[in-house]
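So the chains spell out like this:
There are 2 protein chains.
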Amino acid sequence: MEKSNGVAAEVAPAECISTIIPGWFSEISPMWPGEAHSLKVEKILFQGKSDYQNVIVFQSSTYGKVLVLDGVIQLTERDECAYQEMITHLPLCSIPNPKKVLVIGGGDGGVLREVSRHSSVEKIDICEIDKMVIDVSKQFFPEVAVGYDDPRVTLHIGDGVAFLKAVPEGTYDAVIVDSSDPIGPAQELFEKPFFRSVAKALRPGGVVCTQAESVWLHMHIIEDIVANCRQIFKGSVNYAWTSVPTYPSGVIGFMLCSTEGPAVDFKHPINPIDADYSHVNTKGPLRFYNSEIHSAAFCLPSFAKRVIESKAY
Amino acid sequence: MEKSNGVAAEVAPAECISTIIPGWFSEISPMWPGEAHSLKVEKILFQGKSDYQNVIVFQSSTYGKVLVLDGVIQLTERDECAYQEMITHLPLCSIPNPKKVLVIGGGDGGVLREVSRHSSVEKIDICEIDKMVIDVSKQFFPEVAVGYDDPRVTLHIGDGVAFLKAVPEGTYDAVIVDSSDPIGPAQELFEKPFFRSVAKALRPGGVVCTQAESVWLHMHIIEDIVANCRQIFKGSVNYAWTSVPTYPSGVIGFMLCSTEGPAVDFKHPINPIDADYSHVNTKGPLRFYNSEIHSAAFCLPSFAKRVIESKAY
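In the order they appear, the protein sequences are chains A and B.
With UniProt numbering as the guide, the letters of the first sequence map in order to residues 1 to 313.
With UniProt numbering as the guide, the letters of the second sequence map in order to residues 1 to 313.
Careful: at least some of the hints might be erroneous.
Said to hold, decoys possible - Here chain B is said to cover these stretches of chain A; the calculated rule only asks that three of the stretch's residues, wherever they fall, bring their Cβ under 8 Å from a Cβ of chain B: (1) 101-111; (2) 119-130.
What the hints assert, rightly or not - Straight line, CA to CA, 27 Å or less: simulated BS3-like cross-link-like pairs of lysine-lysine: (3) A:K165 - A:K192; (4) B:K283 - A:K267; (5) B:K99 - B:K267; (6) B:K123 - B:K138; (7) A:K283 - A:K123; (8) A:K192 - A:K234; (9) A:K267 - B:K100; (10) B:K234 - B:K200; (11) A:K283 - B:K123; (12) B:K267 - A:K305; (13) B:K100 - B:K138; (14) A:K305 - B:K283; (15) B:K200 - B:K99; (16) A:K305 - A:K192.
If you're looking for bench data, these hints aren't it; they were derived computationally from the structure.
Each residue gets a CB set at the ideal place from its N, CA and C atoms; glycine is no exception.
Construct the entire structure; sequences and hints are all you get.
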């Protein structure tokens, strides 16, 4: 009877199937209490439990295939472009000629697909903790996992925190942290020691972009992330956001920071990928990103601006 | 048993109570098939059926009070600022010294509240078809309905289409069309004869802003609206969008058009309300709008830009 109220009751991770109400998937979490987004399920394609999390793939009736980790929607075929393109091109289009890029998380391969649009890039490392996410993406989301086909990509399966500690100082031009929410396996990716390792792994004037939650739901988390980043990154520290319909509150934010060195003006992209069409032949056109929406992503609603920009002083 | 799948079955309007699943409200509509946003209900405060639609007000557990018309969320206390401030200040901040403003729909009073922040305004007419919406807003949403307290406001209860036909040519500096979706009583507000009446009611170089759906869900509707507006409005024709978490897909768009006459550059506001703080004393600070987010609202994702801007030629 618990399920007759329209959402599944809170269930232990092992009972993840219970979160699939017959006919519909409802996304509930203590991260966004009192609300739930539901998608109609045509068919459940995969259910598994990795060492780290529950993994579900289903065919939805109107959003294409959907990847769910620990009950939270990670991507749908219909709107994944917004997240993948923005988390990748916001940092990479802000610096000239990125050559070495590290992706932490992002096991689905979508960020790799976007990084590989940049012809200047010579080396792409990815460190994903959960092999099941990679396998499932390759099986069910070939247009996302296509990123793994690029010969510049080296896959490391393991803990991103440990991986970064072993990286020689100043190795990367850009680090992209495509993590899930701070409750679960990604928790450490929102903490100060991790940001310190990122800063160390970047060259002077290198850039990092991390998934940084929703201004509508998580201003207190964002406030902490901004404060931490201002302590650790001595270059630019900016918050950007974008629309992603299947994420809670319909938006997701990003922290963009640069290390001390050549100045980075994130709000004015200097490396306009949309001016170079060679990547379109292999990856298809950009569906979401363009130079205008890049700059617009840094314009925040007044309620968020007051909190985030007050941290600047 | 129909309700055990997480959303109410389709029900006749008279049975609107059925759309409230015990404990949660789920928003389902053929306008966004295969998905539903749900809010946890603390208490149902009002249910009625007007001559035009079903009206429900409930106290949600995390979004404050919520107004629902014909099963569709119109506003929540937590995020109404985004919609009301953007639909109002996008047009009014784009022209110098707006004096006469007409609001079509907008019975809750939120747009009036925002219009009345502009000290240049001398006369605000509002034409709302459904008196029950006004009464319910005054009773349950005093911080929204506060717009009716302004002595510059004249309320007309009636059909906006008929009202506009009777307006002498060139009367208004700005018209704001705060309508519900094109299925239901607002249908005519998305059609060409209505846009013609709006154009006639505006002075040369006057502006209109109409609710114009979501780029993620309704590109075909938007394409039609843009094509109609380009035929009828001989000045600027632009599409803008904003984040509103409780609207389907988390965004809502606006058509902004101007009539032949002094040029209007909607993307660069010339009447920066956020520079004048006198309105803050009576209405409180702007929670969402600022001049930067005004310009950013016109930056569209590539998939929408390709469709909307191709209509320009």
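Practice prompt. Starting from B:K200, check that the Cα of B:K99 is at most 27 Å away, please.
Written response: The hint holds at about 17 Å.
ask   = Taken at face value, is the distance from the CA of B:K200 to the CA of B:K234 at most 27 Å?
value = 12 Å, holds
Item to complete: Take the C-alpha atoms of A:K165 and A:K192, compute the straight-line distance between them, and say whether it is at most 27 Å.
Response: 13 Å, holds
Under 8 Å between beta-carbons, do enough residues of the region 101-111 of chain A, three at least, approach chain B for the coverage claim to hold? violated (count 0)
Review point. Do the alpha carbons of A:K305 and A:K192 lie within 27 Å of each other, as the hint requires?
Key: 23 Å, holds
* To do: Below or equal to 27 Å on CA atoms is what counts here, so check A:K305 against B:K283.
  => Within the cut-off at roughly 19 Å; holds.
Checklist entry - When you check the alpha-carbon spacing of A:K283 and A:K123, does it fall within 27 Å? => result The hint holds at about 18 Å.
Is the Cα-Cα distance between B:K99 and B:K267 27 Å or less? 21 Å, holds
**Prompt:** Is the Cα-Cα distance between B:K100 and B:K138 27 Å or less?
**Reply:** 24 Å, holds
Between the region 119-130 of chain A and chain B, are there enough contacts, at least three residues with CB-CB distance under 8 Å, for the coverage claim to hold?
violated (count 0)
**Message:** For B:K283 and A:K267, compute the direct alpha-carbon distance and say whether it is at most 27 Å.
**Reply:** 32 Å, violated
27 Å Cα cutoff - pair A:K267, B:K100: Violated, at roughly 37 Å.
The structure does not agree with the numbered hints 1, 2, 4, 9 and 11 stated previously, though it agrees with the rest.
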